[in-house]
Amino acid sequence: MCGIVGLYAKKENISANLGLHLSKMLESMSDRGPDSAGLAIFGKPIAKRAKIMVQSQSPEDDFQKLKKFLSTKKEISFSFETHSTHAVIKLDVKQKDKVVNLINDTFPNLRILSVGKKMEIYKEVGRPAEVVKRFEIAKMKGSHGIGHTRMATESAVTTLGAHPFSTGEDQCLVHNGSLSNHNSLRRELMRKEMTFETENDSEVAASFITYGMNSGKTLKEALESALVELDGFYTFVVGTENGFGVLRDPIACKPAVLAETPDYVAFGSEYRALTSLPKIEKAKVWEPEPATVYFWGH
Amino acid sequence: MNILDFNKLSLRDINKVLQESDKNSFFSIRNPKGSHALAVGINKQITVKVIGSVGYYCAGMNKFSDIKVEGSAGPGLGENMMSGNIHVTGDVSQYAGASGHGGSILVEGNASSRCGISMKGLDIIVKGNVGHMSAFMAQKGNLVIFGNAGHALGDSIYEANIYVAGEVASLGADCIEKKMTKKHLSKLENILSNANVSDYNLDTFRRFGSARSLYNFNVDNAKIY
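Taken in sequence, the protein lines are chains A and B. So in this note's numbering, spot 87 of the first sequence is number 87, and the numbers just go up one at a time. So in this note's numbering, spot 188 of the second sequence is number 188, and the numbers just go up one at a time.
What the hints contain is simulated information worked out from the structure, not anything from laboratory work. Only a predicted model underlies this, so the values are computations on that prediction, with no experimental measurement involved. No residue lacks a Cβ here, since even glycine has one placed at the ideal position from N, Cα and C. Watch out, some of these pointers could steer you wrong.
For lysine-lysine, the following DSSO-like pairs were computed, each having C-alpha atoms within a straight-line distance of at most 30 Å [stated by the list, open to error]:
1) B:LYS223 to A:LYS133
2) B:LYS33 to A:LYS254
3) A:LYS133 to B:LYS33
Restraint ranges, calculated between C-beta atoms of paired labels, are given here [claimed, not checked]:
4) A:SER225 to B:ASP13: 48 to 58 Å
5) B:LYS63 to A:GLY216: 52 to 62 Å
6) A:PHE196 to B:ASN201: 57 to 67 Å
7) B:LEU214 to A:ASN181: 23 to 33 Å
8) B:LYS63 to A:ARG191: 26 to 36 Å
9) A:THR292 to B:ASN43: 35 to 45 Å
10) A:ILE251 to B:LEU11: 39 to 49 Å
11) A:SER276 to B:GLN19: 22 to 32 Å
12) A:ALA138 to B:GLU70: 44 to 54 Å
Sample of chain A residues with no beta-carbon within 12 Å of chain B, all distances over it, derived [said to hold, decoys possible]:
13) ASP31
14) ARG127
15) ALA129
16) LEU189
17) PRO255
18) THR275
19) GLU281
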């Protein structure tokens, strides 16, 4: 099972309520995966600023220490927002790599969930309703976002096993399905110096696509090479800084529904996920074709 | 007419009313919002009209009743139906009519993959296209496609008939094009008129079925294993 949702705003009325729409969509998919949930929201970028998303199992203690530590580095100017077990560090884009390294070296308990100019990832163990409430997703705005509710099959129920997986800047992936060749593919990608946080198959897919894009492929090309190299069942929704893409494997037994109106493009594992959207009864609704890449971008 | 509204009643309540209703009752169902397993297991002649789209397994195991969905349907429409008629005005998702024994399904839009998989006697009419692996291992009955068929149509088919007016992306193992005889034209006409479909041109249809080469084990293939 697992449930996926995605929303791409074409108009301001949707982007102003992006978090609210995505929260409702994700909650409607609770039956498809009640063990963990997560979202990636792409907000407005601030010129020359970057965001680092950090996650901790003991946030009160860890985040205070991290904040204090970063404050001692006079050359780093940053802001620090805490959202439950997650924190968003906003800082000069030139300093992001240095700070990522500092955090990785100094705080082994902290996990970096994502780095980018627009993307923020929030994910936790628990039902979608609890997760969206914990992070107050409904208040968030953005140009597009994707979400996932998980029924674990391949690896443990942990925060890091929840989706979305980000393996590149402003890039993330959610997956419904299971891959059969993820172990061999992981080893191959590790030889190409990609790093992994989990034993999860979907992380391998995210890494595969990021590796492709880092090697100069467009998202479309990277997804098309996934059709050749990935063995298993999948419906993927991939978020990038510009929009989102959809790909189903050639057998296409994992469900997918797309809807488009003049105001938005929406993705759901089922039609139920779309029923809370405005004017859905007037939307063009269709099932994406197998082995075909779809993309909507700003 | 009885109105059953999802804004007021649960799925379980609605299905209970339908299953326990008197013969010849008529129901109109409102606001289904993609609900799963709506109008399943009905075994008497009633008429159900659903206004809006439904989710998985609508009208599964149907017997005798007429069910119309004014919208689209998710995966598994009319799974294992025995008799009666299902009519969907929009599209249907995967494996519509899977293993159905009898009755008919009319889809005005497209059907996605595996339409009529393992069908055992029902008639399925799709006014649009069907996806890949449709009529996979179909045993009996008729799949009529006004639009195009996806890859591997009729793979490992037994004695079901497939009629296609559009293009076929590819045929599955042991499925071949067969001669459209007068007998088959009149059968096709019957199927369409039984489903109240009137706008068609019989000459545009081609017929596909089993080459029957997989029916018996061929000893020459033993060395493959």
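Outcome of the hint check:
1. Distance check on the hinted pair: LYS223 of chain B and LYS133 of chain A sit about 62 Å apart at the alpha-carbon level, beyond 30 Å; violated.
2. Taking the CA atoms of LYS33 of chain B and LYS254 of chain A, the gap is near 20 Å; set against the 30 Å cutoff, the hint holds.
3. Between the alpha carbons of LYS133 of chain A and LYS33 of chain B the distance comes to roughly 24 Å, so the proposed pair stays at or under 30 Å and holds.
4. At roughly 50 Å, the beta carbons of SER225 of chain A and ASP13 of chain B sit within the given window of 48 to 58 Å.
5. For LYS63 of chain B and GLY216 of chain A, the Cβ-Cβ distance of about 59 Å falls inside the hinted range of 52 to 62 Å, so the restraint holds.
6. Here the CB-CB span from PHE196 of chain A to ASN201 of chain B is close to 58 Å, well matched to the stated 57 to 67 Å.
7. The given range of 23 to 33 Å is respected by LEU214 of chain B and ASN181 of chain A, whose C-beta atoms sit roughly 30 Å from each other.
8. With their beta carbons about 59 Å apart, LYS63 of chain B and ARG191 of chain A fall outside the hinted range of 26 to 36 Å.
9. Take THR292 of chain A and ASN43 of chain B: their Cβ atoms lie about 40 Å apart, and the range 35 to 45 Å holds.
10. In this structure the supplied range 39 to 49 Å is violated for ILE251 of chain A paired with LEU11 of chain B, their Cβ-Cβ distance being about 29 Å.
11. With their beta carbons about 29 Å apart, SER276 of chain A and GLN19 of chain B fall inside the hinted range of 22 to 32 Å.
12. For ALA138 of chain A paired with GLU70 of chain B, a C-beta distance near 32 Å fails the hint of 44 to 54 Å.
13. The claim that ASP31 of chain A is not at the interface with chain B is violated, since a C-beta of that chain comes within 12 Å of its own (minimum 9 Å).
14. No Cβ of chain B comes within 12 Å of the Cβ of ARG127 of chain A; the nearest lies about 19 Å off, and the non-interface call holds.
15. Look at ALA129 of chain A: its CB is around 18 Å from the nearest CB on chain B, clear of 12 Å, so calling it non-interface holds up.
16. For LEU189 of chain A, the shortest C-beta to C-beta distance to chain B comes to about 30 Å, beyond the 12 Å cut-off, and the non-interface label holds.
17. The beta carbon of PRO255 of chain A sits about 6 Å from the closest Cβ of chain B, which is not more than 12 Å, so the claim that it is off the interface is violated.
18. Distance check on THR275 of chain A: its Cβ comes as close as 4 Å (rounded) to a Cβ of chain B, failing to clear the 12 Å threshold; non-interface status is violated.
19. Distance check on GLU281 of chain A: its Cβ comes as close as 8 Å (rounded) to a Cβ of chain B, failing to clear the 12 Å threshold; non-interface status is violated.
When each numbered hint is compared with the structure, violations occur for hints 1, 8, 10, 12, 13, 17, 18, 19.
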